[in-house]
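Please put together the full structure from these sequences, using the hints given.
Those protein sequence lines, which keep their order, are chains Z and G.
Quick note: the first sequence uses my numbering, first residue 1, plus one each step.
Quick note: the second sequence uses my numbering, first residue 1, plus one each step.
Any given hint could turn out to be false.
The list treats identical chains as one, so a pair stands whether inside a single copy or across any two.
[Stated by the list, open to error] Below 27 Å or equal to it, Euclidean Cα-Cα: the simulated DSS-like pairs (lysine-lysine) are:
#1 145 - 131
#2 131 - 152
#3 107 - 131
#4 107 - 145
FYI, nobody ran anything at the bench for these hints, they're computed from the structure.
2 protein chains.
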Amino acid sequence: MTSAAEPVFRRAERADLPALIALFAADALGGHGDTVHPDAFARYERAFERIEASANDILLVGVLGGEVVATAQVTFTTSLPSRGRTNMTIEAVQTRDDMRGQGIGAKLIHHCIALGRERGAGLIQLMSNAKRADAHRFYERLGFKKSHAGFKMVLEALPAAT
Amino acid sequence: MTSAAEPVFRRAERADLPALIALFAADALGGHGDTVHPDAFARYERAFERIEASANDILLVGVLGGEVVATAQVTFTTSLPSRGRTNMTIEAVQTRDDMRGQGIGAKLIHHCIALGRERGAGLIQLMSNAKRADAHRFYERLGFKKSHAGFKMVLEALPAAT
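Here it is in structure tokens:
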């Protein structure tokens, strides 16, 4: 792994959407049914607007050579346990396939951690599919503890992409 | 387990705070450092105000015989994967120690699931401490799949309760 790649991290803009959708569509393991098919675009656009409208959410992109090469979303949630601590959740983390092994993902997570500190989060949390052994080692190297089990229940099957 | 207990579920109110804090303070396993000490109250109050102010968060209580016997917080997050799906996260789940084994926790989670459907969530997710084997069986019985690992990183140690 070299550390030469120095991506710039910033909030996602609407113009980043096609590149972001392509990142998720390329991820077969998650089984999230993402697609670059134009019929699905309006759904992503609505989601982007909701994320933008939420004061608790920040959608980030990592840009290198003018291209979106990585993304993550952070969500801030205050709850009562731990004396009313604010937690930051990281999700929807992706690095473009051909950009792996350059430390971009680690820089992205470090950027998220810095954002969490800036905003006063007392804890950062995330879930990773049980099958992603590489991702688990990655997060442990970055200082996360695999202390929890993650449970999911799908309520709505995805519509066909047509 | 009997199913006689029929709690009413509603949004938490400020007057519920002392009972809610007592629920979290009684939970030794989570190691969350919660306390009913009056010096800590202001922090819980600020957290309650933030939860109330967030359009994406709902703090629930289960009430039985006029007393708060259970609680959970749900957070709605829209993100890009799964074609812009809205996910609901359940956290800060507690049932009062002396009220266990009456199906109150299961009713609370069913109430959360119904809320998720009402608000158009496509997926419900939660994390549970790896040590809570009973909780894992509970969530699996309710239809959740333990498909993920949960990672945490503490940024801020709790202040002393004094």
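Hints, one by one, checked against the model:
no. : hint      : in the structure
1   : 145 - 131 : both (17 Å within a copy, 13 Å between copies)
2   : 131 - 152 : both (14 Å within a copy, 18 Å between copies)
3   : 107 - 131 : within (23 Å within a copy, 31 Å between copies)
4   : 107 - 145 : within (18 Å within a copy, 31 Å between copies)
The structure fails none of the hints (numbered hints given earlier).
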